[in-house]
Every structure is written in structure tokens, then in C-alpha cells.
Amino acid sequence: MSGNSELTPRAKLAVTAGKAAAAVSRAAGRGSGSVIGGRVALKLDPDLLGRLAQHLDVVLVSATNGKTTTTRLIAEALRAAGPVVSNALGANMPAGITSALSGGSDARFGVIEVDEKYLAGVAKDVTPKAIALLNLSRDQLDRAAETRMLAEKWREGLTGTKAVVIANADDPLVVWAASSSPNVVWVAAGQEWKDDAWSCPSCGGVMQRPGDDWFCGECGFRRPAPTWVLSGDHVLDPHGSAWPIRLQLPGRANRANAATSAAVAAAFGVPPQVALERMYQVQAVAGRYDVVDFLGRDVRLLLAKNPAGWLETFSLIDPPPTPVILSVNARGADGTDTSWLWDVDYTRLAGHPIFVIGDRRLDLAVRLEVAGLDFRVCETVDEAVQSAPPGRIELIANYTAFQDVRRRVGN
Amino acid sequence: MSDSSLRLVWVYPDLLSTYGDQGNALVVERRARQRGLDVMRIDVRSDQPVPTSGDIYLIGGGEDRPQRLAAERLRRDGGLSRASSNGAIIFSVCAGYQILGHEFINDLGEREPGLGLLDVVSTRGEGDRCVGDVLADIDPQLGLPQLTGFENHQGITHLGPTARPFAHTVFGRGNGTGDGTEGAYNGTVFGTYMHGPVMARNPQIADLLLKLALDVNALPPTDDRWYEALRTERIAAATQPA
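Taken in order, these protein sequences are the chains called P and Y. Sequence positions in the first sequence follow the working numbering and run 1 to 411. Sequence positions in the second sequence follow the working numbering and run 1001 to 1242.
Calculated directly from the structure, the hints in this document are not laboratory data. C-beta atoms are modelled at their ideal positions from N, C-alpha and C, and glycine is treated no differently. Do not take every clue at face value.
[Claimed, not checked] Partial chain Y-side listing against chain P, Cβ under 7 Å, derived: (1) Gln1022; (2) Gly1023; (3) Asp1047; (4) Pro1049; (5) Glu1063; (6) Leu1069; (7) Phe1150; (8) Gly1196; (9) Trp1226.
Just need the whole structure built from these sequences, with the hints factored in.
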């Protein structure tokens, strides 16, 4: 496990060229340079990703929501057992992943977030030891593949994989995708959003969902028995021991991410207690959940990119009368169709003072008007923050809107 | 309208509610309540019978496989067809629009029979998917302002002699036939490719359905300033593509 020193001369050259390209890109003020660096390196050595991963115990993490945070939690947990290299900033396509792995010559573990569309391909390239699958739901439908087709691609790509697959038993699409794998650890991690899995991914029958259970009334496809269970703020391990989940990150969804991360860590011999203690260190992930002091208010920055993400976010914000700022854009990286706003139940915000910003604030305004909520449309984040009383403000934004806010509040 | 409350039926949300089209049900319901009407919203899952006594039926867009399943189950159930022959108002979007026609191409690449409630036939386009903001002029007989919406489809829909074009495009592809038509209607059965959702961008369509259901020519006014602001912005966006 001596890392990059075992690489072929060609691979070493590719790593060096990639780092040089990244440095040029950084110097030119174009971000971290990780994607351009990875592209250059992959061009020189198309098999570089596989070569870099050869020397690592690789964990892949994929999902519609929570993959960046979970990658971070798993990385923290595995550091108990050895050095970790990870694409912690969320550059989750092959070029970004290659770049991240190039930086970790002494690492034992590679903890890698993978974009949903690339999971099957990356899993072939890097021969992972473990794959964590959290959830699948509708996202950017103007350009993304259909949700069930993604599950189908996962299923095909993971057939016969040697990796242990750690998968959410509460998401029928994830279960469908994972059940082609010979070695699955099921985690009852929960999922609030259910509207992408009312028809059976296997036969198309109508799914029955009594309580927390689910099954297809027609073909018998059903929820597998989990060995790890998220139960309130504890996780139950396969021996039935309950471990408290104490996180600085808020919300049920992050406790679910922690439960899955504990199961991954256990697969590498890190006990739940050790893993969970280390996860407590994680404070904010790429600016998400961060609380910033801005114009005399404490603004908590929350990212929600799609209906499932908004639903989980509503369940973690402080209760009324805490003000809420909502910001929505519809640029390329967000998806250019805003129709999904109507799949989000905004009546959950009743009682909160609501301020609306972002490129598509008028779409939000109509959405909130139809939900019967009071709101105020503002031109800028400054105006919205200043319109709220001093104290805590919850700010929920989709992808590029979140980046805009981060730039403005200096986070 | 039956009894005292408006019966608003949202057909197969388990299969055809993927592109935010349930917003249409929310807008119709909201605008009815603002006029003091009682509304009974009935969400019908695809393993339940479609009631025949609804006043307004709404059907949304969905992905290819759910679209086939929905067509199979609606044909087998027969409720929507019976409601239509009783004169019900039906408004459909995208995949739902195709299902109301004579046939469409399903996820297996085969010709799938629809319900034949609209005289249209849908095929699958060879070129790029139609994705983006649309602006269109609605058939003047319907007395509605310009149509703004977001299209996202591969389908091409050809109109037969008894279907009238719902609108003619100013920007965007609409039915995809190259003749500038968008959507179709016949009597009280409507189809469109517009998401957005279409009622949020065009609340007067919701009002048209309410007027048809109540058999009145006018409704009390509502405060539409946010709808109007959104319309102005989206119409400008459609005419100046990025």
C-alpha cells in the first residue's frame, strides 16, 4: 500500500501533468482546478483512475441527495483506520475523482462521491471494496435520465460486483438497484420522499406502503430485512446494540447519512462507537449547514436541490417564528425547468415569515400564493436579511442560488 | 356541477405526476376556493377506479414506462372514457395528452392504444428532444391571453379532423409537427405539452375550466399580480432565448 510510487511511468507523468494543469487553472482564478487537472491526466492515461485506485481500499458513495455529506462522514470515520483521500469538494465525475485520487499518495482508503449517472462506469474502473447507495429521486428532469432508468443502470452496473453494497432498505428504487449484487448490507435509513416509487420498479405494479414497510402487491418485490436500523437519534447495529448519533450537522437526513456511514465503517473494521465519535467532528460540508454572521443576523445556509431535498430540509429548520429565506435559480446546473417547485409541499412553512429571492423568485411567489402563504419578494439577499428581525434565519437555496449566496455572505 | 361542491379529479398521481403538473390541480382548487366554491379534490391512484361523476379531470406528464402502465389501466378501467361521454371537462398535459389520443409510441417502441378522447395520434421524434420555454397564441375562440409554458418531450402529435389546435406557437415547438400547432382540444377535452405548470403560468386556463364546470360566462376577479409578473417575465424569456 505504498500509493502512487507503484504507478507506471506513464501514469506518473499523467498525475504530474494533471497537477500542473490544475495549478495553472488555480492561478488563473478559475476555481480549484480539480476538474481540468483530472481531464488532462485522463487524456494522457485513460486508465489512470483505475491505476490510482489499485492501491486503495475504495468506497463509492452515490445518491440523489446526501452524497457529499455522507462521503465526508465516511472519510472521517475511516481515518480511524488509516489515511484517507477523498473528493471532499464534490467534484464527482471521473475527471474530478481522478484529480482527487492523484493527491493522495500515502492514503490507504479512497472515499469517493460519484454522480448517479457515472456510478456504474466508475465502479468498473476502480474495483471498489464498498459501495454506499442512499436514495434516488427526481432531479433536473429537463436534462437528466428518468429516475427508474438510473436505478436500472445501477442494477446492471452492479450485477456480480465484488464490493459489499451498503444500501437503503427504505427506498424501493435503491433496493431494486442493489439487489443484483451478491453481498448487500441493508440499512433502514428512512426516506421521507415517496413519490418516485409508487410503482414497482420490477413489474410496474402499485406499491403498498403501510407504515414504514413497503411491498409490491403484484410480484412480491418487498422491503428487505435490514441489519442496521436508524431509530430516532440512535443507530442499531447487527448485534442489536444501539449507538447514539451525535452530530453537529442537523436533521433526520444527516442521521440517516451517519447510520449508513457507520455501516460502511464497520465493513472496514471500524466499530460504530469510534466511527460515530469521529463523525461528530464534521461541522459544515462545502458551506452547507454553515451558520454565518451577516448583517447582524445568524444565517444558516441550507442546500436543497430537488423535491426530496426540500422535504428533508423543511423537517430540520427551527420552528416558527424563525424567518426563512428561499432562493431558487434555474441555470444549467440547476435544471432550467422550475415545475418541480409544485412537487414541494410549501404549506410546511406556514407560520414562518418567508422572504423570496433568486433568479426565479416569481415562480416561487406564485407557488407560495397558491399555497396560501404570506411572503415577501426581495431583490437581493441583503434586502431579505435586513427585512428579517435580528437572530437566526434559515436560508434554503438550490444549487447555483446557494453558490450565489455563499459568495455574497463571504462563506 | 354536481351537488354543492366542485369535484376535481387528479388522475393517477402515482404514475403521471413527475413534472410538477399537480400544480394544475393546486391552482384550479385555489382559484375555485377564492371564488367561494367548495372543492372536493379526489386523487385517484392507478389501482383505484376513476370516478365517473367528476366535474374537472386533470392528467399530468410522466415518464415513458409509467405512461404505458397508465394507458393500460385507464383503458381497462373505462371510468375516464365514461366521464367524458357524460360531458366531463378533461385537461391533460404531455404524456397524459398523448394517452387521450388514439395512440402513442410506448417505452418498448411499440404503438400503444390511447383512449381516443381526442382525435390525435402521437409518434416519437427522431431529432432532439423539445426542451425549453414556449410562447403561443391560444385559439381565439377560447378567448384566452397568450400561452406561456415549458416543454420537455420527444413526442410529435398529429391532429385529426375533429381536433382543433389549442394554440399556435410564436416560440418553441409545441406539437412538434412543424406546422406551429400546440396542443389540441375538442369541446371540453384539452391536451397540451406545456408544463410550468401550465395553470401557474396561465391562470385563465384554470378559470376557463371553472366557467365550463359552472356553466357561467364570468367569475369574480382575483388578485393576480404575482401570476401577471411571472407571465411578463416568462414571455420575455421565451422571446429572448439565452
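Satisfaction of the Trp1226(Y) interface hint, Cβ to chain P closer than 7 Å: Holds. Min distance 4 Å.
Chain P contact restraint on Glu1063(Y) - CB to CB distance below 7 Å: 4 Å, holds
Interface hint status, Asp1047(Y) versus chain P (Cβ within 7 Å): 4 Å, holds
Interface hint compliance - Leu1069(Y) to chain P, C-beta minimum distance less than 7 Å: 5 Å, holds
Hint status (Cβ of Pro1049(Y) to nearest Cβ of chain P, threshold 7 Å): 13 Å, violated
Status of the hint placing Gln1022(Y) at chain P (closest C-beta pair under 7 Å): Holds: closest Cβ of chain P sits about 6 Å from Gln1022(Y), inside 7 Å.
Evaluation of the interface hint that places Phe1150(Y) against chain P, nearest CB under 7 Å: Interface hint status for Phe1150(Y): holds (5 Å vs cutoff 7 Å).
When the least beta-carbon distance from Gly1023(Y) to chain P is tested against 7 Å, hint result: It holds, given that the least Cβ distance between Gly1023(Y) and chain P is near 3 Å, below 7 Å.
Hint check: 7 Å Cβ-Cβ cutoff, Gly1196(Y) to chain P: Gly1196(Y) check passes; min Cβ-Cβ to chain P is 6 Å, inside 7 Å.
Checked against the numbered hints above, the structure violates only hint 4.
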